Structure formats: structure tokens, C-alpha cells
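**Q** Chain by chain, the residues:
There are 2 protein chains.
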Amino acid sequence: MNKRGFAIGIDLGGTNLKAGLVSRSGKIFSARVVALGKNKSPAAITGLIVREVRSIRAGTVHKVCAVGLGVPGIVDFERGIVHSSPNLPAWRNIPIGKLIARRAGLPVVVDNDANMFAIGESRFGAGRGRKNMVLITLGTGIGGGLILDGRIFHGDEGLAGEVGHIVVVPKGVKCGCGRRGCWERYAASHAFEELIKFLPNAEQRSLIKKAPGLKPDYISILATGGNKSALKLWDYFGEYLGIGIATILNTLGVETFILGGGISKSFDLFAKTARESALSHTYKYHSNRLVIRRAKLGNKAGVAGAASEAMAG
Amino acid sequence: MNKRGFAIGIDLGGTNLKAGLVSRSGKIFSARVVALGKNKSPAAITGLIVREVRSIRAGTVHKVCAVGLGVPGIVDFERGIVHSSPNLPAWRNIPIGKLIARRAGLPVVVDNDANMFAIGESRFGAGRGRKNMVLITLGTGIGGGLILDGRIFHGDEGLAGEVGHIVVVPKGVKCGCGRRGCWERYAASHAFEELIKFLPNAEQRSLIKKAPGLKPDYISILATGGNKSALKLWDYFGEYLGIGIATILNTLGVETFILGGGISKSFDLFAKTARESALSHTYKYHSNRLVIRRAKLGNKAGVAGAASEAMAG
Chain L
2 MNKRGFAIGI
12 DLGGTNLKAG
22 LVSRSGKIFS
32 ARVVALGKNK
42 SPAAITGLIV
52 REVRSIRAGT
62 VHKVCAVGLG
72 VPGIVDFERG
82 IVHSSPNLPA
92 WRNIPIGKLI
102 ARRAGLPVVV
112 DNDANMFAIG
122 ESRFGAGRGR
132 KNMVLITLGT
142 GIGGGLILDG
152 RIFHGDEGLA
162 GEVGHIVVVP
172 KGVKCGCGRR
182 GCWERYAASH
192 AFEELIKFLP
202 NAEQRSLIKK
212 APGLKPDYIS
222 ILATGGNKSA
232 LKLWDYFGEY
242 LGIGIATILN
252 TLGVETFILG
262 GGISKSFDLF
272 AKTARESALS
282 HTYKYHSNRL
292 VIRRAKLGNK
302 AGVAGAASEA
312 MAG
Chain H
2 MNKRGFAIGI
12 DLGGTNLKAG
22 LVSRSGKIFS
32 ARVVALGKNK
42 SPAAITGLIV
52 REVRSIRAGT
62 VHKVCAVGLG
72 VPGIVDFERG
82 IVHSSPNLPA
92 WRNIPIGKLI
102 ARRAGLPVVV
112 DNDANMFAIG
122 ESRFGAGRGR
132 KNMVLITLGT
142 GIGGGLILDG
152 RIFHGDEGLA
162 GEVGHIVVVP
172 KGVKCGCGRR
182 GCWERYAASH
192 AFEELIKFLP
202 NAEQRSLIKK
212 APGLKPDYIS
222 ILATGGNKSA
232 LKLWDYFGEY
242 LGIGIATILN
252 TLGVETFILG
262 GGISKSFDLF
272 AKTARESALS
282 HTYKYHSNRL
292 VIRRAKLGNK
302 AGVAGAASEA
312 MAG
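Quick mapping for you: the protein sequence lines, in order, are chains L and H. If you count by the working numbering, then the first sequence holds residues 2 to 314, one letter each, in order. If you count by the working numbering, then the second sequence holds residues 2 to 314, one letter each, in order.
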């Protein structure tokens with residue numbers, strides 16, 4: 002049953018946490034970003050979160066009914082436990098939900114940060130009005146969040162949406178996960194090291210000079226300026242992005258894809274190719290229905306989504 | 002809300018229909034298989050179904066509360082309409098649910114046959130006790146049904162689970178759907194035409210002599226007899242089957258896969274390779290949790306599942 006009042010949403014990252022008071026329509030008040038100190042122990046971060054919750058409550062006339070928290074890593078959302086987090090290595094089976102609830106005196110809902118982001122975009126952002134939606138975050142890797150029939154789908158162990166490791170090229174290039182041909186090796190920020198190999202040698206050399214380290218931002222600037230090799234790289238990127246999208250579409254029959262993460266800034270450079278590629282790998286039936294859209298709420302989606310889950314929980 | 006009493010389940014195929022009275026625990030009474038006549042028009046088949054329903058009701062002391070019907074093709078389950086069916090070409094936007102309900106005087110639930118099969122295996126068969134399960138049918142092509150959080154997941158247009166057209170080999174061999182590299186070209190009955198190419202020429206020639214048309218049944222018999230080339234083919238089959246399973250696992254985080262369809266008879270010949278292949282393309286985390294199992298109810302799953310959906314609907 003839905004709770005009454007507003008909720009506080011918290012989006013915990015590796016270097017800072019974002020917090021805000023969120024209305025039922027997704028408006029964020031008292032938004033703040035707090036740097037994490039050197040001490041990232043569960044106790045230290047619990048302390049920070051509780052302080053923010055108290056400070057937000059002290060500063061509002063609205064009733065606060067719950068706290069929602071998004072954490073990067075593997076989360077047992079039913080029990081509010083963080084099993085592990087790549088950015089917070091000291092966190093192992095931490096019952097963060099209970100730790101905060103006890104000190105803040107409010108119910109706490111915890112989930113993976115990508116799921117909270119997805120629910121934010123689904124209820125208040127680019128996925129609004131659609132009961133099914135797949136969020137794809139394009140950053141160092143590819144993450145995902147599945148909104149199915151209006152709710153986060155968690156899978157058996159909270160690992161739903163680990164789409165970055167879909168195999169798009171069997172026996173392809175080696176991935177950080179130890180396997181080969183994973184999607185995120187072809188359509189995330191490290192992908193350009195691979196995609197550049199499809200260019201003739203002279204183009205490769207010239208591009209590496211202009212875009213040292215092949216950072217997506219550089220390639221984006223070059224492409225926007227009309228550099229043909231850079232434009233080709235974004236085409237390749239879109240092509241592989243589309244293959245993965247088609248795979249998810251064929252599996253789930255979900256036709257709305259919302260792209261977030263740092264690389265979604267370059268949306269206009271790869272969106273058309275990605276769409277064409279996706280449609281060339283799915284039923285014609287989807288042609289007019291497939292929606293690939295950039296996320297709308299930016300880094301507010303995590304806070305809004307976490308609070309929204311807390312209100313609904 | 003659940004209805005009281007038993008339900009009648011009907012599994013409509015291209016050449017016959019199966020019907021039965023099903024108890025709440027999935028027991029099937031008065032099972033029968035009725036050949037479809039030459040006239041497969043919606044009116045003729047509605048007539049057949051209504052006759053079966055009446056005959057089953059007349060023959061039981063149990064209260065019959067509803068009818069569930071599985072139809073091969075694209076079904077609007079919310080409105081009980083069959084949009085199209087490859088095996089019943091005359092069926093275009095047929096409100097079969099209403100047609101039967103009106104004449105039989107019972108509520109009717111209609112869904113795609115693979116979904117009804119999946120719900121049958123999930124509630125009474127190999128997937129029992131698991132809230133999430135993916136059914137994969139291995140036949141001429143690859144079909145699928147998704148049971149997520151205990152319910153059929155339909156996707157946006159009832160096209161969830163069209164996993165046969167997941168791309169496992171970008172720019173791979175051409176598929177009947179017009180696209181390239183689809184999973185069912187590498188792990189369904191037509192796959193052997195492709196898989197045989199991985200063998201040396203002499204082995205190819207020798208195998209084609211013994212297994213004309215490369216029918217899975219022949220290859221199965223040869224492999225069971227110890228023929229090394231045939232065993233290799235099943236290894237390749239398992240390898241590609243595993244890649245697709247890994248893709249679904251990575252996308253959905255669902256760890257239970259139930260294999261049905263004609264080729265699942267040869268389960269023992271490919272199960273080990275399929276499992277190894279799937280695990281080599283997913284997080285280690287899943288190693289002890291992944292379950293790949295043969296469907297248990299055979300061709301009764303469709304009848305049991307349809308009736309179960311009707312009782313629950």
C-alpha cells in the first residue's frame with residue numbers, strides 16, 4: 002500500500018552521494034550532493050546518510066514517510082542488504098537498510114542504483130506512461146534496469162539487467178569479466194579501442210593522434226566537427242548498440258529503450274545507426290513501435306526513483 | 002481472484018487439439034486428442050472446441066469454472082483475440098475467446114501456446130517451486146515463454162520470448178526471418194545444416210550418408226551409437242544453445258531454463274556442453290545456481306497450463 006507524504010531519495014556513488022526530498026509527482030526539493038570522505042566504511046556512510054536525512058526533515062514542513070537508497074553493486078532488495086559493491090570494497094553483506102532505519106526512525110527501501118535510476122526515468126522521465134521499459138546506461142561498461150509491468154524486475158538474485166555481458170560476438174575480444182565478445186566491449190567507453198580496428202590503418206593513426214586514449218568525448222567533438230573517421234566510429238558503435246538492443250527486444254518483447262550514462266551525451270551521433278541496426282535484427286512488426294530515447298532526468302533520476310520506490314514500498 | 006472448481010484446458014495445434022479437465026493440482030482427467038478437419042476456419046474450430054467443452058462437462062461431476070486455450074501465433078491475451086497464426090492462415094484478428102465463451106457459457110482465457118506450455122511446466126512440471134523460469138522449445142525453430150515473478154510476461158505486444166531470433170552470430174547465416182545469425186539457425190532442427198560445416202570434409206560426407214537430410218533423430222541415433230562426428234555435432238549444438246541461454250540469463254537474471262520441444266528428447270547428448278557454454282558466458286556467480294532441465298509434462302503441459310491460467314484468471 003502506498004504511504005502518505007514525501008520521501009527522501011538517496012543515490013550513493015563511489016565518490017559522493019546525492020540526496021533530495023521528492024514529491025509524489027517526482028519534484029525534487031532540498032537537492033544536495035555530499036562528497037564522501039576518505040572513510041567509506043558502512044558506519045561512516047551510514048552516519049553521512051542519517052545526517053542528511055535529519056537535515057532534510059528539519060528543513061521541510063512536509064511529512065517524510067520513508068527513505069529510498071540506491072547503491073552500486075549487488076543488493077538484496079527484499080532485505081535491504083548490500084552483498085558487494087565494486088566502488089565500496091569494504092561493503093560485504095551490509096544490512097544498510099536496517100542500519101539507517103534504526104537511526105533515522107523511518108522505513109528504508111534499498112536497491113541497486115541502476116534499478117532506482119530506471120524507476121526514476123520510468124515514472125517521471127523519458128519512460129513515463131510506458132508499462133515496460135529497459136534502461137541502458139552507457140559508461141565505462143553497460144548497465145541495465147528492467148521495468149516490467151510497471152515494476153523493477155530483479156531476477157533470481159537481483160542480477161537482472163546485467164546486459165553489458167550479453168555476448169554479441171562469439172569468441173570476440175576479451176572482456177574485463179574474463180569472457181569474450183561481451184556487448185560492453187563494443188558499445189561502451191572502452192569500445193573504441195576495438196571499433197577503431199575496423200578503420201583502414203591510415204585513418205586509425207590519424208584518429209589516435211587527434212583523440213588520445215580514444216576517449217568518447219574527443220571522438221564526439223571530432224565527429225561533430227565533421228571528421229569522417231570519427232563519424233564512422235560512432236556508426237560502428239551504433240551498430241553494436243543496436244544488436245544488443247535487438248537481443249533484449251527479442252527476448253522481452255519490450256519496445257522502449259532509454260539510454261543514460263555518460264556516453265548518452267553523444268546520443269545524436271549514434272541514435273540513427275543504433276535504431277537501424279536494432280530493426281535489422283528484429284521482427285518488422287516492431288518497426289514503428291521501437292522507441293530509443295535519451296534519459297531525461299540526468300543524475301536526478303536516481304534520487305527521484307529511490308524516493309518513489311520508498312513511497313510505493 | 003481465483004475461481005472455484007476445475008477448468009478445461011485446450012491446446013490448439015496445426016493438425017489437432019488436445020483437451021482435458023484439469024484439477025487445481027494439475028491432474029488431467031478426460032484427456033483427449035481431436036484431429037482438426039480440413040476446414041480450419043475459426044467457425045469450424047470454435048465448433049469443435051465447444052463440442053469438446055460440452056462433452057467434458059457432461060462427463061464429470063466436478064464443477065467446471067472456466068476454459069483456457071493456447072493458440073500458436075500472436076495473441077492479444079487481454080482481449081482473447083488471435084491476431085495471426087502461422088499454422089492457421091485464415092485466422093486474422095479472431096475474437097476466439099468471446100466466440101467460445103458465448104456458446105459454452107463459461108469464461109475463456111486465451112494466450113499463446115508457448116506461454117500456456119510455460120505456465121504448465123512452471124506450476125506442475127520441471128519448473129515447479131521456482132518463481133522465475135524460462136521455457137525454451139527446441140523444434141523447427143526456437144520458441145520461448147517467460148515466467149517472471151510467477152506470471153507469464155507478455156511484453157508490449159505479446160511478443161515476449163521470441164528468443165529464436167536473438168542474434169548469436171552477427172552477420173552469420175541467413176535465417177528464414179530474413180535476418181542473419183539468429184539463434185535458431187544454430188540450435189534447432191535446421192541447425193545441423195550449418196553445424197556440419199565445422200566438421201572436416203570427410204566427416205561431413207560420411208555423416209550425410211548416414212543421416213540423410215541431417216534430421217536430429219538420425220544424428221541422435223548415430224551419436225548414441227558412439228559415432229564421433231554425430232557426437233561432435235551435438236557438442237556444437239550445445240555450445241550455441243548455451244550462448245543463447247547465457248544471453249537470456251545475463252538479460253533477465255533468471256537461472257532456471259526448461260527445455261521442451263521435439264529436440265529435447267536428445268537432452269542427454271547436448272545438456273553438458275550447453276551448461277558449460279552458458280556458464281562460460283555469464284558471471285561465475287551463477288555457476289552453482291544455473292538449472293537447465295528437460296520439460297517434464299511432455300505434451301500435457303499446454304493443457305495443464307491453459308486450464309491453470311483459466312482458474313487463476
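For the record, the hints were derived by calculation from the structure and aren't laboratory data. Note that the structure is predicted; figures quoted are calculated from it, not measured. There may be inaccurate statements among the hints.
Computed from the model, here is a short list of chain H residues facing chain L with C-beta under 10 Å [to be verified]:
(1) 131
(2) 132
(3) 164
(4) 184
(5) 282
(6) 290
Heads up, the beta-carbon is just placed ideally off N, CA and C, and yes, glycines get one too.
**Q** All hints, please: hold or fail.
**A** Going through the hints against the structure:
no.: 1; hint: 131; result: holds, 8 Å
no.: 2; hint: 132; result: holds, 8 Å
no.: 3; hint: 164; result: holds, 6 Å
no.: 4; hint: 184; result: holds, 9 Å
no.: 5; hint: 282; result: holds, 5 Å
no.: 6; hint: 290; result: holds, 7 Å
Going down the numbered hints, you'll see the structure goes against none, and every one checks out.
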